[in-house]
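J.: To convert, note that position 24 of the sequence shown is 24 in this note's numbering; the numbers rise steadily by one, no gaps.
If you are wondering where the hints come from, they were derived from the structure by calculation, not from laboratory data. Please read all numbers here as calculations on a predicted model, not as lab measurements. It cannot be assumed that every hint is accurate.
[Said to hold, decoys possible] DEER-style ranges, computed between Cβ atoms: (1) Trp50 / Ile15: 48 to 54 Å; (2) Ser55 / Tyr25: 41 to 47 Å; (3) Gln48 / Ile26: 29 to 35 Å; (4) Asn46 / Asn8: 52 to 58 Å; (5) Phe24 / Glu3: 29 to 35 Å; (6) Ala16 / Asn54: 39 to 45 Å; (7) Asn28 / Tyr51: 30 to 36 Å; (8) Asn46 / Phe24: 49 to 55 Å; (9) Val22 / Asn46: 33 to 39 Å.
Glycine included, each C-beta is placed from N, C-alpha and C at the ideal position.
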Amino acid sequence: MIEILNQNQWVIATIAILITIVWFYITNNNIVKVNQKQTSWNNSNNNQIWYINNSKKND
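Full structure from sequences and hints, please.
T.: Pasting the structure below:
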């Protein structure tokens with residue numbers, strides 16, 4: 001009886017660790033995606049500013 005309980009505790013602990021790892025992996029991926037979107041948005045803004053500044057110089 002004690003052995004079965006211990007085995008179940010190991011199974012529960014292993015599943016809990018796996019869920020935690022997967023959860024961290026998913027949340028980290030989302031954070032990275034948000035950062036990439038922010039970066040690309042900033043880059044497109046910088047390109048527009050650069051283009052406007054260059055147009056003014058040419059006039």
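J.: All hints are to be evaluated individually against the structure, with a verdict given for each.
T.: Against the structure, the hints:
The beta-carbon spacing between Trp50 and Ile15, approximately 52 Å, falls within the hinted interval of 48 to 54 Å. Take Ser55 and Tyr25: their Cβ atoms lie about 45 Å apart, and the range 41 to 47 Å holds. Restraint check, Gln48 to Ile26: a C-beta distance of roughly 34 Å satisfies the suggested window 29 to 35 Å. In this structure, Asn46 and Asn8 meet the distance hint of 52 to 58 Å, their C-beta atoms being roughly 57 Å apart.
As the Cβ distance of Phe24 to Glu3 is approximately 32 Å, the hint placing it in 29 to 35 Å holds. Between Ala16 and Asn54 the C-beta distance comes to about 57 Å, which lies outside the given range of 39 to 45 Å. Between Asn28 and Tyr51 the beta carbons are some 35 Å apart, a value that agrees with the proposed interval 30 to 36 Å. In this structure the supplied range 49 to 55 Å is violated for Asn46 paired with Phe24, their Cβ-Cβ distance being about 33 Å.
The given range of 33 to 39 Å is respected by Val22 and Asn46, whose C-beta atoms sit roughly 36 Å from each other.
When the structure is compared with the earlier hints, violations turn up for hints 6, 8 and for no others.
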